[in-house]
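**Student:** Each chain, letter by letter, is given below.
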Amino acid sequence: DQQVKQNSPSLSVQEGRISILNCDYTNSMFDYFLWYKKYPAEGPTFLISISSIKDKNEDGRFTVFLNKSAKHLSLHIVPSQPGDSAVYFCAASANTQGAQKLVFGQGTRLTINP
Amino acid sequence: GAGVSQSPSNKVTEKGKDVELRCDPISGHTALYWYRQSLGQGLEFLIYFQGNSAPDKSGLPSDRFSAERTGGSVSTLTIQRTQQEDSAVYLCASSLSTGIYGYTFGSGTRLTVV
Numbered sequence: 005d006q007q008v009k010q011n012s013p014s015l016s017v018q019e020g021r022i023s024i025l026n027c028d029y030t031n032s033m034f035d036y037f038l039w040y041k042k043y044p045a046e047g048p049t050f051l052i053s054i055s056s057i058k059d060k061n062e063d064g065r066f067t068v069f070l071n072k073s074a075k076h077l078s079l080h081i082v083p084s085q086p087g088d089s090a091v092y093f094c095a096a097s098a099n100t101q102g103a104q105k106l107v108f109g110q111g112t113r114l115t116i117n118p
Numbered sequence: 051g052a053g054v055s056q057s058p059s060n061k062v063t064e065k066g067k068d069v070e071l072r073c074d075p076i077s078g079h080t081a082l083y084w085y086r087q088s089l090g091q092g093l094e095f096l097i098y099f100q101g102n103s104a105p106d107k108s109g110l111p112s113d114r115f116s117a118e119r120t121g122g123s124v125s126t127l128t129i130q131r132t133q134q135e136d137s138a139v140y141l142c143a144s145s146l147s148t149g150i151y152g153y154t155f156g157s158g159t160r161l162t163v164v
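So the sequence lines, in the order shown, correspond to chains S and L. Quick note on the numbering used here: the first sequence kicks off at 5 and runs consecutively. Quick note on the numbering used here: the second sequence kicks off at 51 and runs consecutively.
No farther apart than 27 Å at their CA atoms in a straight line, the calculated lysine-lysine pairs in the DSS-like style are these:
| # | chain 1 | residue 1 | chain 2 | residue 2 |
| --- | --- | --- | --- | --- |
| 1 | S | Lys41 | L | Lys107 |
| 2 | S | Lys9 | L | Lys107 |
| 3 | S | Lys41 | L | Lys61 |
Negatives, chain L to chain S, calculated, CB over 10 Å:
| # | residue |
| --- | --- |
| 4 | Asn102 |
| 5 | Ser123 |
| 6 | Gln130 |
| 7 | Gln134 |
| 8 | Ser137 |
Chain S regions said to be covered by chain L (calculated; three or more residues, Cβ under 8 Å):
| # | stretch |
| --- | --- |
| 9 | 46-57 |
| 10 | 107-113 |
No wet-lab data here; the hints were simulated from the structure. We treat Cβ as the ideally placed atom computed from N, Cα and C, and that holds for glycine.
Kindly generate the complete structure, drawing on both the sequences and the hints.
**Tutor:** Encoded structure:
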């Protein structure tokens, strides 16, 4: 039962263009969403998050959009840079009985081509 | 310490042997999580410790897996009678009591069962 899905295992984008990474979820109890970035041989690092009371959150080149009715969120990176090449994980949380564990998607490998 | 430290970084073991993976969380972080990433898969939740509360073991895949956290700090994940399907990167994360907002991951232990 994959509650958080990233249907694109990989994405290739030209440097300077926009990268759009997508994520779908099934659990309507999720109320907080996050994106993590992972380089090889390193742990994932937090990138950006959004609460379910918002539909957009922006931080520099990174913007996360949330469409609750569609149970869909996306991460936009513009302009894309070579250093953005990494695996991106979408994650979601529902604060159920005080538990705050994250449910992750499968990840999307983003490659930025010079 | 400054970050989450995991040891060993790599472990190769023979099928049927027991292994122990160690996690040193960030000092002062009361929540500690174990996840694993199998080849081509997302991050799979294993177990969650929060302060002195009983751990959430709902993600442990079988009774061969166990974890403990001594003194509210260091955690050890033990896998008994390892199987080839246990091969994965095991990631530990810690956070303040506010939970998901401040997850910091370690670099992981790559376990290979041969």
